[in-house]
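Based on the hints, put chains B and C in the right spot on chain A.
Residue numbers (our numbering), protein chains in the order written: chain A, 1 to 267; chain B, 1 to 238; chain C, 1 to 234.
Since the hints were made in silico from the structure, they are not lab data. Hints are not guaranteed to be accurate.
What the hints assert, rightly or not - Here are some of the chain C residues that sit facing chain B, going by a computed Cβ distance under 7 Å:
id, residue
1, Leu133
2, Ser136
3, Leu137
4, His138
5, Ala139
6, Gln143
To be verified - Stretch by stretch, here's where chain C covers chain A in the computed footprint (C-beta under 8 Å, at least three residues):
id, stretch
7, 46-57
8, 68-81
9, 170-183
10, 186-199
We treat Cβ as the ideally placed atom computed from N, Cα and C, and that holds for glycine.
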Amino acid sequence: MMFKTAFAALSALWLATAAGAEELKMAVTTSFANSGLAEVLLPEIQKDTGIEVQLLVVGTGQALKLGEAGDVDAVLVHAKAAEEAFVEAGHATHRREIMYNDFIVVGPAGDPAGAKAAGSASEAFALIEEAQAPFVSRGDDSGTHKAELKIWASAGIEPAGDWYKAVGQGMGAALNTAAGMDAYIFADRASWLNFDNKAGLDLLFEGDPALFNQYAYLPVNPEKHAHVKADAAKALEDWLVSDKAKGLIEGYQIGGQQLFHFNAEAM
Amino acid sequence: MVSAILPLVLEDVELRRQGKRILGPVSLTLEGEGITVVMGPNGAGKTSLLRAMHGLERINRGRAVWQGGAEEVRARQAFVFQTPVLMRRSVLDCIAYPLILDGVERKMARARAETAASQVGLDVTLTAPASVLSGGERQKMALARALIRAPEVLLLDEPCANLDLHSTAEIERVLIAARDRGTRIVMSTHNVGQARRLADDILFLFDGRLIETGSGDAFFAGPETPEAMAHINGDLLP
Amino acid sequence: MNDIVEGLWQAARLVITLDPGLAEITLRSLQVTLTATVIASVLGLPMGAWIAVNRFRLRRFAIAILNALMGLPPVVVGLIVYVLLSRSGPFGVFGLLFTPTAMIIAQVIIITPIIASISHQAIRELWADYHDLLISLHATRAQRIKTLLWDGRRALMTAALAGFGRAIGEVGAIMIVGGNIDHATRVLTTAIALETGKGDFGLALALGFVLIALAIAVNLALHMLSGTERGSRW
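Isolated chain A (complex conformation) (with noise of 0.2 Å):
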């Protein structure tokens, strides 16, 4: 008896334990992870749902590719065209809108190209290239970068030359280039507001809606990928799109600002 009510409770703590340390593995892009938002979610999310998040922090090139894998169970990124092919593929069930924040254009403070003036995204960058002032680029294929190309291309430049310099990295790597150049660089906020090598860098240029960054989460598909948690996933994006986490992100500040915009909208 004794036996049976021990191996009961033992049980019932292993199984405790067991969904408390549930894990599922969510590839996100590198300007969220440098927000810092994460810092405040994911103790939110364990709390609320018992999942603990593992966050691969990565471009949104290669965190398509980890779902499109199978190697992970979810993708939180900002790239709409490219993640409408994802869900076309068929690599995840589908896409839902979580939030958004704004890309910057940083550049020496001293501002050679006059881009402060600006009055538009893309005004800003013929500025910069007609002064050929250097300007630092991703160009390593993230969300970033493709934004940042989308507004060469609304602006009708090709973006090459000595000026010019794409560094394949992170945004942080990024950042710390175009510090250690004095140039010009397309940023997210949070990444530039959480970056503590300023430098003689500032912010030039922000505001046009042309820089609006939508974040979508995409659950990998299960029927792809049989050991992806699904259910977890779900339960996870149940949480994301809730008024709780709607408190939370909108309420996320650095030095005063506010980085992220709530936009989720009920299924």
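Below, chains B and C alone, put in the same frame as chain A:
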């Protein structure tokens, strides 16, 4: 002591290295008792002959035949190299090593190594690493290691080269004691005085060939070949 | 220069306060690299000894391959292990990608050639010394290898430590196969890369100093345990 592996018979043994004949053809029979000294000028093939007997060299022609099975032949002979091989171990463990290979328990092997060390007059801290030994002490260590398996045949290649008179005398005392216990000894030396003191028999090599043999007394009383005569007298050979 | 001073201060502060985050990634670094070193030693040391004492047809070729593998770029190893362990790769069913096990596998591949090659050098020299004696004493093949491994243990420990040193400071491969996941696969080197990316050079340097101190501590501990550098030449 009745020997199980003697006589050793060499039939037309010839060693060639890089197309050059370095020894032979040599034929001889080794039996009986005592100390056989291999003499001859540098390059005459003394080391090669000893190593060929011991099975360390590939024989190109002819053969060297011991009595008994291969295991027995290997186990009952020992070799002392001109430059003693120092293992990276304590003096005691260096001496005990052959017994360890034989599967003797470590404590027992060390006890017997201690006895062997005192028999050769090796009076040093036995727990010290072998590398701290002086030249004479190294040779005594090698001798103790060679004797610890109580071999029937002991082969030594210039055991007293580079040793001072005192160490040479001590080594000779150990060799005579071993012979008196019945160990058959074959050694090479370039030291004529040492050969005179120790040799029961002589093998005289010249240019890779065995040109004169005989008892020590007869050899030193009147060598038959001019080369041996010149060697004994310390003349420079043409 | 300021960054370095600040890094040293921050390192001291992290260590003195026993920062739990630092302790976690330091212990994981140690766990992964020590495990990899032990496995690589078990594979590499006898491999080196075997190549040293045996004559076989492809010996030169094997040595050349070994030396070439020493220079294998960790990123390439990481990529290969990644592709093999990925869910869509041949070993995907084990679900090992982005786990400490994957990091250990990558490190074993990187350092086994180093350990084998260094131990081959050491054993070859020792074998040249011992050759005549061991043949004369009629030691069996197994006895020869055992004797060489035992008497060469100091040099072999150096080989293992060289492997450890390479692995503990390695970032390219384990970043790829581990994924630098907080509380799961983050170790000192990947944390340094992360903090550098955030522009927090002070913290990155602090972690770097902790890494250096850790490598020195492990070396000292092993030398102390084995009593090398005491008097004699071994």
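With a C-beta cutoff of 8 Å, work out whether three or more residues of the stretch 68-81 of chain A approach chain C closely enough for the coverage to hold. Result for this restraint: holds, n = 4.
Coverage claim, chain C over the stretch 46-57 of chain A, checked by counting residues with Cβ within 8 Å (three needed): That given contact holds, which follows from 5 residues of the stretch 46-57 of chain A lying within Cβ reach (below 8 Å) of chain C.
Given Gln143/C was flagged as interface, is its beta-carbon under 7 Å from a beta-carbon of chain B? holds, 6 Å
Does the stretch 186-199 of chain A contain three or more residues whose Cβ lies closer than 8 Å to a Cβ of chain C? holds (count 5)
Tell me if His138/C is really an interface residue toward chain B, meaning its C-beta lies closer than 7 Å to one of theirs. holds, 4 Å
Is the interface hint satisfied for Ala139/C? The criterion is a beta-carbon contact with chain B at less than 7 Å. Since chain B brings a Cβ to about 5 Å from Ala139/C, closer than 7 Å, the hint holds.
Given hint Leu137/C near chain B, where the shortest CB pair must fall under 7 Å: holds, 5 Å
Given as covered by chain C, does the stretch 170-183 of chain A meet the bar of three residues or more with CB within less than 8 Å? holds (count 7)
Under 7 Å is the threshold here; is the Cβ of Ser136/C close enough to any Cβ of chain B for the hint to stand? holds, 5 Å
Once the shortest beta carbon distance from Leu133/C to chain B is found, is it less than 7 Å? holds, 4 Å
Checked against the numbered hints above, the structure breaks none of them.
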